[in-house]
Amino acid sequence: MASSSAADPASRESSTSQNSDSDVDVDTLPSMPWFGMDIGGTLTKLVYFEPWDVEGVEGNEEEETLRTIRKYLTGNVAYGKTGIRDVHLEMPKQVLGGRKGSLHFIRFPTSEMAAFIELARAKHFSSLASAICATGGGAFKFESEFQDQVSLRLHKYDELDCLIRGIHFIDGHNHSSECYYLTKQRSPSQSHLHNGHADSNQSRASSDLPKDHSVESGSHSVDDGSHLGSSGEQAEDSRTFSDQPAVNGIDADSDGWDDENDRWHGDHGFDGEWDKVPFDFRNPYPYLVVNVGSGVSILAVYSPTKYKRVSGTSLGGGTFLGLCCLLTGCETFEEAVELASRGDNHKVDRLVQDIYGGDYSRFNLKGDLVASSFGHMMCEQRRKEATKEDLARATLVTITNNIGSIARMCAVTEKIERVVFVGNFLRVNTLSMKLLAYAMDYWSKGALKALFLEHEGYFGATGCLMEYLKLGHPT
Amino acid sequence: MAHKSYAKSIDLPPEQFFRNLKNAKRFAIDIGGSLAKVSYSSDWQRRAPVVYDEPDSEGPIYNVSEKEETMVRLHFVKFETKYIESCLDFILANLIDSKEFIRDKIIKVTGGGAYKYKDLITRKLGVQVDKEDEIECLICGCNFLLKNIPDEAFVYQRHGNPDYSFQGVDQDVFPYLLVNIGSGVSLVKVESDNKFERIGGTSTGGGTFWGLGCLLTQAKSFDELLELAEAGDHRSVDMLVKDIYGGDYSNLGLQADVIASSFGKATRLDGESFRKEDIVRSLLFCISNDIGQIAYLQARLHKLTKIYFGGYFIRGHPLTMHTIAFAINYWSKGEIQALFLRHEGYLGAVGAFLKGAEEEDAEKYSWGENMAGSSGLASPKSSFTEINHQDPGFFAHGFDMLEIDRLDRPVMACPLLLDPSSYVPDTVDLMHDKDAREYWLKCFADSVDKTVALAIKSQSEEEDVEERAKKFKDKYLAKILTLSTNPCAYGSLTVRSLLDTSSQCLAEFNFPDPYSQQKQQENETALKQLPAHLTLLDSQSGKDLHLSIAKGLLAGNVFDWGAQEVRKLLEAGNFSFMDAQEKLQDRPWLIDDFDSWYKRMEQEPRYQCAAIFCDNSGADIILGVIPFARHLLSMGTQVILCANSRPTLNDVTYSELVFLVKRVADLCPQIKAAQDQGRLVVRESGQGSPCLDLRFIDEALRTEMLERGADLIILEGMGRAVHTNLHAAFACDALKVAVLKNRWLANRLGGDMFSVMFKFERSRHVISPEVT
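Line order of the protein sequences matches chains A and D. Anchor point for the first sequence: position 164 equals 186 in the numbering used here, and the numbering is continuous, going up by one each time. Anchor point for the second sequence: position 719 equals 743 in the numbering used here, and the numbering is continuous, going up by one each time.
Bear in mind the hints are in silico, worked out from the structure with no lab data behind them. Note that the Cβ used here is the ideal one computed from N, Cα and C, for glycine as well. Just so you know, not all the hints are guaranteed correct.
Derived BS3-like pairs (lysine-lysine); straight-line CA-CA distance at most 27 Å [as the list claims (entries may be wrong)]: (1) D:K148 - D:K49; (2) A:K369 - D:K142; (3) D:K155 - A:K388; (4) D:K357 - D:K266; (5) D:K244 - A:K410; (6) D:K171 - D:K106; (7) D:K219 - A:K467; (8) D:K592 - D:K607; (9) A:K406 - D:K244; (10) A:K388 - D:K219; (11) A:K369 - D:K106; (12) D:K300 - A:K410; (13) D:K266 - A:K330; (14) D:K140 - A:K388; (15) A:K406 - D:K300; (16) A:K406 - D:K140; (17) D:K155 - D:K142; (18) D:K106 - A:K406; (19) D:K46 - D:K106; (20) D:K142 - A:K388; (21) A:K437 - D:K357; (22) D:K140 - A:K369; (23) D:K379 - A:K388; (24) A:K330 - D:K327; (25) A:K369 - D:K244; (26) A:K406 - A:K369; (27) A:K437 - D:K327; (28) D:K244 - D:K140; (29) D:K266 - A:K178; (30) A:K328 - D:K49; (31) D:K106 - D:K91; (32) A:K467 - D:K327; (33) A:K369 - D:K300; (34) D:K266 - A:K163; (35) D:K607 - D:K474; (36) A:K492 - A:K145; (37) D:K497 - A:K330.
One-sided excerpt, in silico: chain D residues whose CB lies under 10 Å from chain A [unchecked claim]: (38) W68; (39) T228; (40) W234.
Pulled out of the complex, with its shape left as it was, chain A reads as follows:
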């Protein structure tokens, strides 16, 4: 039967516990290795905690295996053909359940699950643990495979509980640089300094942010950022995308900000440089989470433990990639995003001005707004003229704007001003982030703010690990 994901207005008390790290009884922690796995429709996300305190212990079988895993996971950045470790997201110097170590973030296509299970067998995961924690739909779908093939029992956790807990954990441990918003630079003469990922600078930047810089006042607008940016201090704090370095070598296209071809073709709303401004997320409630994976879930979060799923849509990252594959023959998300970055959706979409010859002033619609996505493609000649890049661009713009529009209506209905976009659809996809930032601001006349989180798609997996370890709530 046709439909998109359901709304569930019933408020849900998350089952997450209130334990903070210090309360943890180390003895009750499960044995290592500590993995959190989020098996989505398209991608499987894996979080691995690498303990630093196993060095030098010889002869212990457990330690041997841990070293094997660590050597394999942390010694590589790519696994098989499709597994990738997002090095730039790595969180070092973490203390989890009394253990010091790093959190690593790895992803691979869910279609490769069989290969992953084979890997687990080869690396003797199950000789150490009899259970592994998992969330996402795949935790249910692949449960019997794990049991039958590697004798691993899956500890299953609800994916939305995990998502919320993951966001709170990561933000709590990385609050200085996790959350940010985008703001358009007002003038090209503005200088763009950047601080890279230097933790000390970022902490300072964040804590030094003036109070009215957060959206709590409700009177902010995109202009706030630019305005603040004009002061010397803010200019230093805001990292410009155009010169942010690629932190890792794997995702060559993980940061598309410096793409010379990323032009905006008359979308003057997006023209020019955008700044990435840290956002203080320490008291974010209430806020909306828009999790864009294969499909989209929208949650309203009222407290660390109280949230509800307010809506969702089946038009998500899977739709973007699926359509791009069909339309352009591309094979990967990165390829699709890259094509989109070079395309011009105005060759594909019909704008208000294409229909009305200019603005539709009776209803205050500007001429350069998209009136009909893919509307030009009704014409055979135009179909012949559209390039793969144009089609990918139009697909991306269509899906992104649709998500933005639904998110905006949910935010207004729930009377929430902060909208946090997460999920792997946003990975390497600065174009969508800019579109969302612009659309939320434009259509709400500045009342709503689009927020983004660095660890985009890994909150479910992280939250899952925290659930498993029964820790990780920010106090």
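We have chain A; now place chain D onto it with these hints.
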């Protein structure tokens, strides 16, 4: 309608579509990307009977002649935009004689193509093009249709019985949300005729389906895409909840078959290719769901409970309506139903026309759909190509028509109804009841030759009578054929709608009153019998008198030319009022509330005022209704005799009844006194049907009922008390009286031929005890 050629010419005679163009007065055009609609008003001459008497003559009760009446009709013709040029040529050619009517004048043009075709229109017709805002026209047209056309709105439920649930007449049109799905989507909140606001929209609309669909499948047209979608299975392309979870995601109540990610499986590139049909179906679901969701979110945000969907994306296509209805139902958890419009394709054209005709003040009048000249909904059951063969006159080349007549007098809902908004006139829904549908469709088809013979006889001296009668027959049989294929084509299918369609088709070919002579003759005969009958009644008293009067009403009701089995008796001749009384079922009747009626009459205070809706001419009105009314008058109750405004079958008309009562008054002092004192009045009902739709009675009658404080309604005859209003609830006492003269129907109701229904219902109006 999958045209392979892009020919700009029309092979068929466009006269079929642009009817009465020679008398056209004012034009408007709505040009969409794929479909264009031309609208115009025309004056047309209609023959109407004129009833008059010759004073001081000893001749008949009244004489009848005919006059020509000028009526106003609105025409709306829809065709593919590619034919616009040849249609303009045709219009021009036919306006040669009356060219001055539009030359130097203004044509209202709306729609996305208004810009593109502005010059063409100016060049072809030599008129000034005045662009009207598309959304304003849509709203204006939507308001007009919702207010004037019964069953304009419907709920669609695939595999329902029936699939279409028509919404009757909305007594309270505002506020509502209109979702117009053209190439993009606009959401407009409408609060009154003049107050509306575009509250949102989305760019994923019909153009997205069309453009993306063609890219993905190499299909050439919108209709081809819809055909592909019908044959597809989205589950091979979409990622469902079960593809991710292996089953339901029960924590969130998401069932396994819910789509989690549209096109989510199209990313799996293991060499397999996807079927075109599956891709298009997935696309249709994706876009329909999305629009449904956005519409629901906006409706909730603005606290609107009525959502109408229009625009070419829907175009009455069942799969599309199904998906949108499903999405609204899903998101609202069944609280809101998606509403669709029978004439959704015409909203802009209607609005553009009305905007150019403001001085005519459409608000002032009541309007009605002319079913004889309207195409009706395309059949959902047949494929696109089949439609072409069914009724080639209409569907070939995708031409479609709507005609709306201006009524002479305004009509309004009857004030005696308990709840006008929930009132449904019809007793049996023939869309739902297959047996009844088949019986009645056959019954009406079988009786067409009798009607034709009578029509010819009524105008035997006229040269073209045979030809017109033949045209009537073809038209009516074509309508019946259309209705047997698609019972939902003209809104609810009922015995009433079949009878009305017959009347409209007769009028269309200038047979306004085939029963005129018959009625006249029967009235004469009955009038002669009246004095003796009244004398007989006056000799009785008490319960006997009441019973005789009731039986007289029933016996009179046997004289019904609309009932085939009675027709045979009447045609044989010498069927008297006494014979009719003999035919009646013995008491207890099939429905027999006589005792409680009698008790009410004897034991409670008299009624203030009774409104009697009369049925047949002759014995029925004169020997049945008049004595009944006389009896009520004698008890001090005022009487409003309500008769049809326009002729149908042998039903007595208002203008006839005026003279009949005058003659009766000459014979009966009591009637004369009552009339002189204004305690007895004759009023026109506003109707021209053997049935009675109390949503549309003459405004003057309504006022009369209110002013006189009518507290009793009497409905007489099968059409008014059985086919309609059998279950109608009134705010006053109601007497529903009929003789069942159709064996099939009588059997169905558990009786036999000439079974009697004497149904007395006390007021359903509950007065709150707190009110003092």
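Evaluated hints:
Of the supplied pair hints, the one linking K148 (chain D) and K49 (chain D) holds, its CA atoms being roughly 17 Å apart against a limit of 27 Å. Between K369 (chain A) and K142 (chain D), the direct Cα distance comes to roughly 25 Å. Compliance with the 27 Å bound is thereby established for this hinted pair. Of the pairs offered as hints, the one joining K155 (chain D) and K388 (chain A) holds, with about 19 Å between alpha carbons and a cut-off of 27 Å not exceeded. Taking the CA atoms of K357 (chain D) and K266 (chain D), the gap is about 21 Å. The hint holds against a cut of 27 Å.
Of the supplied pair hints, the one linking K244 (chain D) and K410 (chain A) holds, its CA atoms being roughly 20 Å apart against a limit of 27 Å. A hinted pair counts as satisfied when its Cα atoms are at most 27 Å apart, and K171 (chain D) with K106 (chain D) does not qualify at roughly 32 Å. Straight-line distance between C-alpha atoms of K219 (chain D) and K467 (chain A) comes to about 23 Å, which keeps the hinted pair within the 27 Å bound. Proximity of K592 (chain D) to K607 (chain D) is assessed by CA-CA distance (about 14 Å); at most 27 Å being required, the pair is judged to hold.
Distance restraint check for K406 (chain A) and K244 (chain D): the Cα-Cα separation of roughly 13 Å lies within the 27 Å cut-off, and the hinted pair is therefore satisfied. For the hint pairing K388 (chain A) with K219 (chain D), the CA-to-CA distance comes to about 22 Å; that is within 27 Å, so the pair holds. Restraint check: the Cα-Cα separation between K369 (chain A) and K106 (chain D) comes to about 24 Å, which is no more than 27 Å; the hinted pair holds. Among the hinted pairs, K300 (chain D) with K410 (chain A) is consistent with the structure: their alpha-carbon atoms are about 19 Å apart, no more than 27 Å.
Under the criterion of a C-alpha separation no larger than 27 Å, the hint pairing K266 (chain D) with K330 (chain A) is consistent with the structure, at around 22 Å. Between K140 (chain D) and K388 (chain A) the CA atoms are separated by roughly 20 Å; this keeps the pair inside 27 Å, and the hint holds. A threshold of 27 Å between alpha carbons decides the hint, and for K406 (chain A) with K300 (chain D) the separation of about 19 Å falls inside it, so the pair holds. As the CA atoms of K406 (chain A) and K140 (chain D) are separated by approximately 22 Å, the hinted pair is consistent with the 27 Å bound.
For the proposed pair K155 (chain D) and K142 (chain D), the alpha carbon gap of about 9 Å is at most 27 Å, so the pair holds. At roughly 21 Å between alpha-carbon atoms, K106 (chain D) and K406 (chain A) fall within 27 Å of each other, so this suggested pair holds. In summary, the hint linking K46 (chain D) to K106 (chain D) is supported, as the alpha carbons are separated by about 24 Å, within the 27 Å threshold. Proposed proximity of K142 (chain D) and K388 (chain A) is supported: the alpha carbons are some 22 Å apart, at most 27 Å.
With a C-alpha separation of about 21 Å, the suggested pairing of K437 (chain A) with K357 (chain D) holds against the 27 Å cut-off. Only pairs whose Cα atoms come within 27 Å are accepted, and K140 (chain D) paired with K369 (chain A) is accepted, the gap being roughly 19 Å. Only pairs whose Cα atoms come within 27 Å are accepted, and K379 (chain D) paired with K388 (chain A) is accepted, the gap being roughly 26 Å. Restraint check for K330 (chain A) and K327 (chain D): satisfied, since their Cα atoms lie roughly 21 Å apart, inside the 27 Å limit.
Of the supplied pair hints, the one linking K369 (chain A) and K244 (chain D) holds, its CA atoms being roughly 19 Å apart against a limit of 27 Å. Between the alpha carbons of K406 (chain A) and K369 (chain A) the distance comes to roughly 11 Å, so the proposed pair stays at or under 27 Å and holds. Between the alpha carbons of K437 (chain A) and K327 (chain D) the distance comes to roughly 15 Å, so the proposed pair stays at or under 27 Å and holds. For a cut-off of 27 Å, the pair hint linking K244 (chain D) to K140 (chain D) stands: about 22 Å separates their Cα positions.
In summary, the hint linking K266 (chain D) to K178 (chain A) is supported, as the alpha carbons are separated by about 17 Å, within the 27 Å threshold. Our distance criterion of 27 Å between C-alpha atoms is broken by K328 (chain A) and K49 (chain D), whose separation comes to about 66 Å. Between K106 (chain D) and K91 (chain D) the CA atoms are separated by roughly 42 Å; this puts the pair beyond 27 Å, and the hint is violated. The straight-line distance between the Cα atoms of K467 (chain A) and K327 (chain D) is roughly 22 Å, inside the 27 Å bound, and the hint therefore holds.
Taking the CA atoms of K369 (chain A) and K300 (chain D), the gap is about 24 Å. The hint holds against a cut of 27 Å. A distance of roughly 8 Å separates the Cα atoms of K266 (chain D) and K163 (chain A); the hinted pair therefore holds under the 27 Å criterion. Under the criterion of a C-alpha separation no larger than 27 Å, the hint pairing K607 (chain D) with K474 (chain D) is consistent with the structure, at around 24 Å. Of the pairs offered as hints, the one joining K492 (chain A) and K145 (chain A) holds, with about 26 Å between alpha carbons and a cut-off of 27 Å not exceeded.
Distance hint between K497 (chain D) and K330 (chain A) is unfulfilled; the C-alpha atoms sit about 64 Å from each other, more than 27 Å. This hint is violated: W68 (chain D) has a C-beta 36 Å from the nearest C-beta of chain A, more than the 10 Å allowed. This hint holds: T228 (chain D) has a C-beta 5 Å from the nearest C-beta of chain A, less than the 10 Å allowed. Because the smallest distance between the Cβ of W234 (chain D) and any Cβ of chain A comes to about 5 Å, under 10 Å, the interface hint for this residue holds.
The earlier numbered hints that this structure contradicts are 6, 30, 31, 37 and 38.
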